[in-house]
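I would like the entire structure built from these sequences, with the hints used as guidance.
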Amino acid sequence: MKSLIALTWRLLRCGGRRGLLGSSLTFAAVAVSTALLLFAIAINFAFAGRADRTAWRTPVAATGTVRAVEAVRIGFAGDRPLTVVHLAVTEPRGLAAPAGLTRLPGPGETLLSPALAADPALRGRVPGRPAGTIGDQALRYPGELVAVAGHRPTDPIMKEKWRGNDWLGVTATPVADLRGTRDNSSSTYIGLAAIAAVLMAVPLLVFGGAAARLTVARRDQRLAALRLVGATPWQVVMMTVTEAVITGFGGALAGLVLYALAIPPLTGIRITGGGWFAGDIWPGVLPVAGVLAAVPLLVGLSAVIGLRRVVVSPLGVARRQTPPAMRFVRVLALVAALAATPAMGGTTSLTVLVGVLGAAFLTLNLAGPWGIGLIGRITARTARRPAALLAGRRLVDDPKSAWRTVSGVALTGFVAGFIGLLSPDSSIARTDDVLGMWILRDIRTGTLVVLIVSFLVAIVSAGITGASSVLDRRQTFALLRLAGTPLEVLDRARRLETLVPLAVLGGGSIATGVVCALPFARLGVSAAGAITLACCVVAGFAGVLGAGALSRPLLRSVTADPAPRPD
151 MKSLIALTWR
161 LLRCGGRRGL
171 LGSSLTFAAV
181 AVSTALLLFA
191 IAINFAFAGR
201 ADRTAWRTPV
211 AATGTVRAVE
221 AVRIGFAGDR
231 PLTVVHLAVT
241 EPRGLAAPAG
251 LTRLPGPGET
261 LLSPALAADP
271 ALRGRVPGRP
281 AGTIGDQALR
291 YPGELVAVAG
301 HRPTDPIMKE
311 KWRGNDWLGV
321 TATPVADLRG
331 TRDNSSSTYI
341 GLAAIAAVLM
351 AVPLLVFGGA
361 AARLTVARRD
371 QRLAALRLVG
381 ATPWQVVMMT
391 VTEAVITGFG
401 GALAGLVLYA
411 LAIPPLTGIR
421 ITGGGWFAGD
431 IWPGVLPVAG
441 VLAAVPLLVG
451 LSAVIGLRRV
461 VVSPLGVARR
471 QTPPAMRFVR
481 VLALVAALAA
491 TPAMGGTTSL
501 TVLVGVLGAA
511 FLTLNLAGPW
521 GIGLIGRITA
531 RTARRPAALL
541 AGRRLVDDPK
551 SAWRTVSGVA
561 LTGFVAGFIG
571 LLSPDSSIAR
581 TDDVLGMWIL
591 RDIRTGTLVV
601 LIVSFLVAIV
611 SAGITGASSV
621 LDRRQTFALL
631 RLAGTPLEVL
641 DRARRLETLV
651 PLAVLGGGSI
661 ATGVVCALPF
671 ARLGVSAAGA
681 ITLACCVVAG
691 FAGVLGAGAL
701 SRPLLRSVTA
711 DPAPRPD
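Per the numbering used here, the sequence shown starts with residue 151, numbered consecutively.
Hints in this document: simulated from the structure, not taken from any laboratory. Hints may contain errors.
Just the calculated beta-carbon pair ranges, DEER-fashion [unchecked claim]:
| # | residue 1 | residue 2 | range |
| --- | --- | --- | --- |
| 1 | Asp286 | Lys309 | 29 to 39 Å |
| 2 | Gly440 | Thr213 | 36 to 46 Å |
| 3 | Arg313 | Ala439 | 19 to 29 Å |
From the three backbone atoms N, C-alpha and C, an ideal C-beta is built for every residue, glycine too.
And the structure:
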């Protein structure tokens, strides 16, 4: 075992300049995937943390001894919510103050959040005299405007029934303690965060898994040669796992550092009226440890899955035989997921809805290579120019590699189709003016964040996999140049093998996203959804074209010396 690890490390370290470049591409892909995956995980902990910190503001009616009466009113100072918790203590014994409050206010006293205490004009809207401050543990976000006003049980506010919007107030409620429960708005945001996490995490997992297969042709050739000189299948598998895990773990650590550096700007994302505490954006020790363990394992597993041809038919790999076509069962899995999605009704639990959404997302990734192979066969049969013929044959020869190049934008099209149908338009603001605009702004912010993350994955994926594809085929490119093929033809073929499947699968992925959004349409349908989709398509194509252009100098470099070299 030690000798295998030593040999793997030597091959990884002494693979030459282009070998190190290939490993660097995998390292970079894993780092970006890890950083964005940590963000996708962190948003769920962030919203849950907010809900728990503010649960004391949503009273639960006492079933036994009544120790206090609690009422809540939420107004607005401009577009900033101002929350006032009215509290009348009837039995102080056994009544603990919530975390963040050093004590409970007496009648005529008021505890103020730091932001409210610093604003004399807003202090005048709160009853009572200032008697202390509210700590961060009781605040939803930094700078939140909150007051806890002390009253007598006989005061009118403590007997008043709230008849307004449930998001803006709570009727005076007798309580046994101040632990409270999560309010409806927090539960709504937690559900939306779970959906957003799936929309971001699935492309990241796909990209992270694909990272292990970057420069796969070069590695397959090397491992096939080892099989032909006597290496056992187990030795080949162990060498592959070792190489993938070493690169994956290094990339995961780099992604953790990258995410830690990104936390300060991420705290500025405003949701429900304000930004975040740094601790909200940090997912915690156990989730981080889980990601650091899972990402290298995912990379290693993905690398092993791609080894079947090397282990079973090393001679076929060495001779570069065309692999068998993708099986139609991949498409059947996607059809089954899409058939199940619209059947989800309004009473279906959020967990089931999110699970079906994730399944549809993953099966889209399974069906993608089959679609690429079909597109390649059609392109090759209808080709009238050399570049189109080369592109079509390449798509048929290795549809999985071609899918890795366009999968980022295709999966982003799914996200755009899903969000484009659900993003509510400004008519939501006509019910409760300020509240409606507040909710509208939050949904638009969340939509923008999800799309930005998706596009980052798509563009980085296209750039890294495009460069990796050139490195994988450098010997093929060199032989074509040696046979007299102009560099412009090779470059045009390289672009076509990205743009042709992207044009077809991009529309299909958008349609898939729209279908999967149907069960959630009760959240509101956007009149501006078509504009969102159009912008996503344009941005996706522009990003892929730009990322693809970055690998043109690499193509020129690998074909500068057309003499074939041993790998």
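Hint numbers contradicted by this structure: 3
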